[in-house]
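> Taking the hints into account, I'd like the entire structure generated from these sequences.
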Amino acid sequence: MTHASLLQRITDYAHRADPYPLYEELRKTPVLHEEEGGPYLVSSYWDIAGLLHDPRVSSDAANLAAAGADVLGGPDETGLPPSFIRLDPPEHDRLRRIANRPFGPPHSPRLLDSLRDDLAEIVSGLIDGFGDAREVDLVDQFAYPFPVTVICRLLGVPREDEPRFRAWVDPIVANLDPDTEAGEAERRRAAQEARTHLGMYLAGLAEQRQREPRDDMLSALVTSQGPDGPMSVMEVLSTAVLLLIAGHETTVNLITNGMLTLLRHPEVLRRLREDPDLVVRIVEELLRYEPPVQFVPQRTCIADIEVRGVTIPKGSRIWLVLAAGNRDPERFKDPDRFDPDREDIQHLGFGSGIHSCFGAPLARMETQIALTALARRLDNPRLLEDPPPYRRNAVLRGPRHLRVGFDGLRPERA
Amino acid sequence: MRLVVDLNRCQGYAQCVFFAPDVFALHGEEALVYDPHPDEVQRERLARAVAACPVQAITAEGLDGTGETGETAAGTGEAVLHGR
Amino acid sequence: MAGDDFLRWLRREGRIVIVGASLAGLRAAETLRAEGFAGSLTLIGDEPYEPYDRPPLSKAVLLGKASPHHTELPRRREIDATWRLGVAATGLDTAAKRVRLADGDEVAYDRLLIATGVRARPWPRESEARLDGVFVLRTRDDAVRFRRRLDSSPGRVFVIGAGFTGSEIASACRERGIAVTVAERADAPLVGALGGVIGAVAGELQREHGVDLRTGVMVTALEGDAAGRVRAAHLSDGTSVETDVVVVSLGATRNTEWLAGSGLGAGPRGIACDAGCRAFDFRGIVTDDIFVAGDVARSPHPLFGYQFLSLEHWGNAVTQAETAAHNMISASSERRPHIWVPAFWSAQFGVNIKSVGVPGMGEQIMITQGSRAERRFVAAYGYQGRVIAAVSFDNARWLEFYQRLIETAAPFPPDFATVDRRAEGRAPMPADFPDPSLPTHGPTVTLSGYSPADRRLVFTPSRH
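Protein chains in written order, with the working numbering: chain A, -17 to 396; chain B, 1301 to 1384; chain C, 675 to 1138.
Simulated from the structure, these hints should not be mistaken for laboratory data.
A portion of the hints provided could be inaccurate.
[Stated by the list, open to error] Short derived list, chain C residues pointing at chain B, Cβ under 10 Å:
| id | residue |
| --- | --- |
| 1 | 730 |
| 2 | 737 |
| 3 | 984 |
| 4 | 1024 |
| 5 | 1074 |
[What the hints assert, rightly or not] Covered, in the sense of this in silico footprint (three residues per stretch, anywhere, with C-beta under 8 Å from a C-beta of chain A), are these stretches of chain B:
| id | stretch |
| --- | --- |
| 6 | 1306 to 1317 |
| 7 | 1321 to 1330 |
| 8 | 1334 to 1342 |
Using N, Cα and C, we set each Cβ at its ideal position, and we do this for glycine too.
Written out as structure tokens, the structure is:
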């Protein structure tokens, strides 16, 4: 091929800062299949929404591997079973229900509400930590440490171990990037090694919690006694790996994308400073406009599925390009405009259906608190570099650094 | 304040319960029950719950004290979804 | 006046009267205003309350999670209406275009919307129905009285009829620790709505939660004590059950009596209307100025063989009201058909039951996902080789897929693999409805398109 395929261009790092023109091109062929054996890219809102609720679409890692091993579908040699994100019902449902017991309703409906003050305190501590600086890297100094601190506390992972587990998390996350250029075998090997290490590290913590349970999710997972029975040790480790990684990797991007977008829309930022309630709508619009998970590349179909007249044959891989669906003009008026006042923001930012984001309410709350505080406290904030440098990852897309200048910090209470 | 949830549209994502646990509750794994007449102190939490609903099923009145908020968001989503 | 002139005049200064001030009446009024109707708007309701929501009355209210006095519906917008509450409509003069009220007043209209809904069917023997401790549950007043009695910790509640409302009442009572007996004429609960296969699951749920479920029996008499309080229910199998509370849950009667002599095609089964919600008169001629919406309406549905469906569904009331209101003030080319796919929900014994389509038309059923034993499953209903309905127990997120199958007349049994297919889902079985009402063979009609603007009916002539 002389021309790079659209899929290659989307995953190509050169387009990371602004993939949206490519998504627009992608939507012109709502079901795109560029290469024999390659995935089917689905990019329009209604089709994606339909497939997220379609029982002929599987998330099972085994089906994905059978569909032709790519970086995402290779066999797992870590010995850890797949986490619920890569399973179908009934296993998915069972594991997710057990994981949900200490986290949300019906068994723990108040957990998140009770965390609100703690989250606000962490945020204000991080902002206070900017000290006399007039320039910060919002990723390293704020958007990363905040959700990491929160997920560590929730899960029961010592915050001071962050440098250790970060060394394992990075290669795992890198392996989620379907960049077709990078050295696949090497990357996969590194990721599996890292997953093994992270699993072993968490196994040590789980063992402690089994002996001395504390008030954290890891303790709840190892001692779970609900109607679904306990998780096996290996299931606990897979789940903990998933929660630890998903619990912060995506939120970093949501917060950073959020501040980047607000700094590019100073009028909205000004309104937020004056009306903190606006943050609720801002975060929803962000999830549409700059979703932290750009596409879901891990589904396969277990039957022929017809979408817009195209038959996706049984056994094919399907990529659901959420970020393209979120800007589908068939669904949203003026989709490329960031407009928190739009009446209808039913975005695909957290997916939908049974695999819809487990941590969505936590991510929402973290981002609401973070953006409100940044808007209130940074005096005259501005972007020092636009576009900022991006992380490599095409799926979990967001700036690697976000240099922000400001004239000083306002006090906590205005 | 007043609210109603279109339970045909509700799929049990329970975002409203996370954000306003004194107004909404899950009855079992998936069925939603709620107080259709929540107290004024729930206003802020209710507004977050309405916005967070992934299927835009909640219609509320009195969120901004004028009796207009919430209904517009739900109204538009409804038109679209009923078309589905 | 030419048609266009009349419409312009109607929208500017016409008089629209809505009889029925509940969910459908309110949503219709809001839609009229939202679409620019600037004339006078009158809502007439026999209850003295502003529009309130009924589904919580048999769920959250009985569980103490909501007050029966406070389920008023939120308003979507100002409607600037004249409210005539607490006064029933008693007659209709279609020639003079006037509605007669119980207080002797008359209200004139240019366009009329009838949304008078249904009422609970009472216990047929009046003397027994009057016994202290015998309840029905439909209105806010019913709920206030029944809830007060539940709060006084009765020894046993006896529920007559295991439809959705009766089952929900039984569920709430059990959750409150009150002993419950449910008597049902069919062989299982919910059989009329969902058939015997699903009814069996509902019956197991009841028994597991400690309900004394008696199926295949009729209640022959309610017995009172000397003080006029109910003390026992007698059953057709010769047994009797001592109880201090009886809830009669035998379905609903349509509020059409006030239309007797009006010339409209109104009767015990409701008021027949066309797909655009215009009422038929008794000669089968469609009226121009009288519209119907909500539980009281019977309207033909293209997806279901153009059968006249009477739907006591919350979502139907909302959508049909919106459609009727739109059509009332629109030129015929701008009118929309009411093509809502039936859907309802029920929460009982901690399980969320949802349905789309018309299960009652189903000849066969297939468990396509999950398992009945786990009480988590989706089942599809088939009729003449196509998917006609689906029901889910704690599996609501899949249901919109099945709605799509119904809308596109997809073949039944589904010929594709699904996730979570179990052994029990390999083959269809009889849906086991007691008395299936089968429409005639005919052409196939399907729906296509996503948004209201591009929804189309696709007509495929019969191949035979």
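> Count the residues of the stretch 1321 to 1330 of chain B whose CB lies closer than 8 Å to any CB of chain A, then report whether that count reaches three.
Check passed, 6 qualifying residues.
> Is the interface hint satisfied for residue 737(C)? The criterion is a beta-carbon contact with chain B at less than 10 Å.
holds (7 Å)
> Against chain B, run the beta carbon of residue 1074(C) and see if the smallest gap drops under 10 Å.
holds (7 Å)
> For the hint on residue 1024(C), just tell me whether its beta-carbon gets within less than 10 Å of chain B.
holds (3 Å)
> Should the interface hint for residue 984(C) be scored as holding, given a Cβ-Cβ cut-off of 10 Å against chain B?
Not OK, violated: residue 984(C) not within 10 Å of chain B, min 18 Å.
> At a Cβ distance under 8 Å, does chain A reach at least three residues of the stretch 1306 to 1317 of chain B?
It holds, with 4 qualifying residues against the three required.
> Please verify the coverage claim for the stretch 1334 to 1342 of chain B: does it have three or more residues whose C-beta sits within 8 Å of some C-beta in chain A?
That given contact is violated, which follows from only 0 residues of the stretch 1334 to 1342 of chain B lying within Cβ reach (below 8 Å) of chain A.
> Given residue 730(C) as an interface hint, is the shortest Cβ-Cβ distance to chain B below 10 Å?
Residue 730(C) check passes; min Cβ-Cβ to chain B is 6 Å, inside 10 Å.
The structure is inconsistent with the numbered hints 3, 8, although it conforms to all the rest.
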